[in-house]
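Engineer: Given next are the chains, with one letter for each unit.
Protein chains: 4
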Amino acid sequence: MKTVTVVTELRAGGNEVGFNAAYPEGMDACLCSLVSDAGYKVNLIHTSPEHDGSALTDEILQETDVLIWWGHAFHHFVLDSVAERVANRVNRGMGIIFLHSAHFSKPFKKLMGTSCALSWREANEKERVWAIDPVHPIARGIPESFVIEREEMYGEPFYIPTPDELVFLGWFKGGEVMRSGCVWRRGRGKVFFFQPGHETFPTYKNGHVRRIILNAIEYIMPDEVASSLGGAHVPVPLEPLD
Amino acid sequence: MKTVTVVTELRAGGNEVGFNAAYPEGMDACLCSLVSDAGYKVNLIHTSPEHDGSALTDEILQETDVLIWWGHAFHHFVLDSVAERVANRVNRGMGIIFLHSAHFSKPFKKLMGTSCALSWREANEKERVWAIDPVHPIARGIPESFVIEREEMYGEPFYIPTPDELVFLGWFKGGEVMRSGCVWRRGRGKVFFFQPGHETFPTYKNGHVRRIILNAIEYIMPDEVASSLGGAHVPVPLEPLD
Amino acid sequence: MKTVTVVTELRAGGNEVGFNAAYPEGMDACLCSLVSDAGYKVNLIHTSPEHDGSALTDEILQETDVLIWWGHAFHHFVLDSVAERVANRVNRGMGIIFLHSAHFSKPFKKLMGTSCALSWREANEKERVWAIDPVHPIARGIPESFVIEREEMYGEPFYIPTPDELVFLGWFKGGEVMRSGCVWRRGRGKVFFFQPGHETFPTYKNGHVRRIILNAIEYIMPDEVASSLGGAHVPVPLEPLD
Amino acid sequence: MKTVTVVTELRAGGNEVGFNAAYPEGMDACLCSLVSDAGYKVNLIHTSPEHDGSALTDEILQETDVLIWWGHAFHHFVLDSVAERVANRVNRGMGIIFLHSAHFSKPFKKLMGTSCALSWREANEKERVWAIDPVHPIARGIPESFVIEREEMYGEPFYIPTPDELVFLGWFKGGEVMRSGCVWRRGRGKVFFFQPGHETFPTYKNGHVRRIILNAIEYIMPDEVASSLGGAHVPVPLEPLD
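Chains R, Z, G and W, in that order, are what the protein sequence lines are. The first sequence begins at 2 in my numbering and counts up by one. The second sequence begins at 2 in my numbering and counts up by one. The third sequence begins at 2 in my numbering and counts up by one. The fourth sequence begins at 2 in my numbering and counts up by one.
Isolated chain R (complex conformation) (with noise of 0.2 Å):
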């Protein structure tokens, strides 16, 4: 059975960034009944000033197939050891997709090598979100373009390496455009970063956005998570020198 690890600051109630009223039963517990329902195991850690992630154990992690990660208040948090230890699985195999306020956690900057700066505002606007390659796995059964009715706005330019495989870009009605969906491959792991989902409302409540995630998690499954991170000294050639 393929399990999927979610790592979140968001919980019901007590959540320490006090927002309830997109998710009365936790962001959390929202993103975990979605790929739970889609038969994964499903394993949920939480980050705060508490939490430095420490509870992403080296068990847990080689036991994750995929991880999704959302966080925003409290990346800095996280141990550097964690997100090291994150970088490493993804390059030796395992897939990871970051949500939305993500693109500024430790470990998406640590595989992405950039600042993964961007430019925001938080106005409540409308976003359309643009498959562009209608034939990649990760739009499949999507529309052409669907509506976010309220959005933060994340916008270009957005200081992130070339990617792979651009799937989505974002409109926003306040004017700006987003590379909202793109994979990049990292050793032999896949990462995807999608815009959408900020806290306040319900994006991940959205069929659409729920499909994209779905999708996402099937697309960089690995095959196998391998043990090393390759390299390897090989003494005797393997064609004559002389």
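Read the hints as simulated data drawn from the structure, not as lab findings. One or more hints might be untrue.
What the hints assert, rightly or not - Straight-line distance between alpha carbons at most 30 Å, and here's what the computed DSS-like set of lysine-lysine pairs gives: (1) R:Lys127 - G:Lys127; (2) W:Lys127 - Z:Lys127; (3) Z:Lys111 - R:Lys111; (4) Z:Lys3 - G:Lys3; (5) R:Lys3 - W:Lys3; (6) W:Lys110 - W:Lys206; (7) R:Lys206 - R:Lys127; (8) Z:Lys3 - Z:Lys206; (9) W:Lys111 - G:Lys111; (10) R:Lys3 - R:Lys111; (11) W:Lys42 - W:Lys206; (12) R:Lys42 - R:Lys206; (13) G:Lys111 - W:Lys110; (14) Z:Lys111 - Z:Lys3.
Use these hints to put chains Z, G and W onto chain R, whose structure you have.
Structural biologist: Frame of chain R, contents of chains Z, G and W only:
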């Protein structure tokens, strides 16, 4: 006047890894004279068990337009904070060239987000370097292929992100191939990796290799280095929301 | 002296598609003066139901370093053999800029290998052009975004190969987004597509658009155009086979 | 049931280029049995000076999900209109595999937009194929490198657009390297080029090569082939213009 800073472990006579046959004057001197003869101001920084890279001060970085990094045995002596500020400056626009075993240097791994592992063999074998993009500015004046009589073998799989521009491939007598000249964009800066240059062979005295390094300096030279990593709060929408 | 050849359907007064309000002097004259004022020698070729592109002779092509193509209503009057020799010269090194509705011209489709289809609407709507790669040479001197008050909408999905360099994205008031500035390498030559430029609006009088066109000419200007398309029989192995 | 159509010049006994030693049963039969044993319905189309490809009718194309093309001596006998309808169907979703000398076939050149020229030598020399993206679905089950004892050399520079996915590199005993396994997206379809397969050697009986071809069929198999090439007039804006 544009400034190029050279960071290297190797120095004449007293160099710690003990190879002086190929560069009696020091590989440091060889690289520095190449750069200064081309009209650039040059800074030279040594790393070693006793030199943790902190000699690459903010002041020196601030005047550096392009940085050349060669390291091998002492990568782990370089402070994380030094790698951090190098990567930061690249993302603000500085060009950077990683030579040979610098594939395992801290700043390269930080900018790539991968293990940067590869296969290797020290067998004094012949390499042929192929310019697969013959009109790329870095290949200007370089023949379709040229020979380096003796090199350390560095071979695929090379665990790097997809290059934005693949300029050179390497062929090794012993049977391996290598993406030996690659360009990536990171933020506002450009990164060039070039594989030849083992310290026991006079690779950096090869005319084609010298031309490639000078071409690369020119190609990745920024117009300017920005003061910020990008990103902006845009509270007022550019277009009316209603 | 470098030579730029402009191919267009549009001419002052007598232009066949009948739009003279935006360019009383002719869009042809507008583009030609932009180029000649920048110090290039300019050739002008018209296409129309009576002009099948054969005026773009081998002699003119042979002196052309960069070609600019604007077409709309008369694509199918251009001879296949003309498209063939244009594409051939691009593959030998000539730069080429396709403006706006030239996305459906024969040489563009020939160089792309795709349908180049897109969605469109003539509704005099506002476009915002975003420079998503702010340090790209074609974006030199261009602000993060700028407005074209009235444009024809051209939107995604745009059926093109993955651009080698994605420089601009377009935002349209009516809800669409567009990869509006793209670079591809084809053989030894570079192709730039730029989406703005409907004939009923004075888009090519916009200072930013003019700067972009001049930047692009400079960026895709070849050192030289080769006489051959490449390929070679190499009967004697470079290395011994036994 | 998914359908794979094989187009080839070669046939047992009577094949026009006269090489029967490697494939006494015909290379056509060798490829067809590989595909049919994997559970696909197979169509076989021959090209020759007397067969201009028109046997690849609209009806056959319409049921074809993936097409495999091998050609060498008779490219120019294939009708332009046949190449046109093949490329059209690829852009609507059909997968296509070009083997070896099909790099110079009309449909490949049409889909690439480049000369597709390369260097070559018939010297019965050893090739090593390297899987540089070891987790790519087309490399599933393939070792890091494998040997083809005798092949025609095909080498760089290979005048193709930048591959969307570079899966294999080739090493030749005689000194050349080659991007020997490449994927491109064209419209809704995927193209795979694989370099080994000269007609005088039994390359398509090599277990790794067979696995690669089957992997590729699976990887580029479309969910469906669309009826249109895309593009739409959208007269009513999605969002209000005022």
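Engineer: Each hint needs a verdict: does it hold in this structure or not?
Structural biologist: We went through each hint and held it up to the structure:
Restraint check for Lys127 of chain R and Lys127 of chain G: satisfied, since their Cα atoms lie roughly 17 Å apart, inside the 30 Å limit. About 17 Å separates the Cα atoms of Lys127 of chain W and Lys127 of chain Z, which keeps this hinted pair within 30 Å; it holds. In summary, the hint linking Lys111 of chain Z to Lys111 of chain R is supported, as the alpha carbons are separated by about 7 Å, within the 30 Å threshold. A hinted pair counts as satisfied when its Cα atoms are at most 30 Å apart, and Lys3 of chain Z with Lys3 of chain G qualifies at roughly 28 Å.
A C-alpha spacing of about 28 Å is found between Lys3 of chain R and Lys3 of chain W, which places the hinted pair at or below 30 Å, so the restraint holds. Between Lys110 of chain W and Lys206 of chain W the alpha-carbon distance is near 27 Å, which keeps this suggested pair within the 30 Å criterion. Simply put, Lys206 of chain R and Lys127 of chain R have alpha-carbon atoms about 16 Å apart, close enough for the 30 Å limit, and the pair holds. For the suggested pair Lys3 of chain Z and Lys206 of chain Z, the alpha carbons sit about 23 Å apart, so the restraint of at most 30 Å is met.
With a CA separation close to 7 Å, the supplied pair Lys111 of chain W and Lys111 of chain G stays within the 30 Å bound. Restraint check for Lys3 of chain R and Lys111 of chain R: the C-alpha separation of about 25 Å stays at or below 30 Å, so the hint holds. In summary, the hint linking Lys42 of chain W to Lys206 of chain W is supported, as the alpha carbons are separated by about 20 Å, within the 30 Å threshold. For the given pair, Lys42 of chain R sits about 20 Å from Lys206 of chain R by alpha-carbon distance, which is consistent with the 30 Å threshold.
Pair hint Lys111 of chain G plus Lys110 of chain W holds up; C-alpha atoms about 9 Å apart against a cutoff of 30 Å. Distance restraint check for Lys111 of chain Z and Lys3 of chain Z: the Cα-Cα separation of roughly 25 Å lies within the 30 Å cut-off, and the hinted pair is therefore satisfied.
Of the hints listed earlier, there is not a single one the structure fails to meet.
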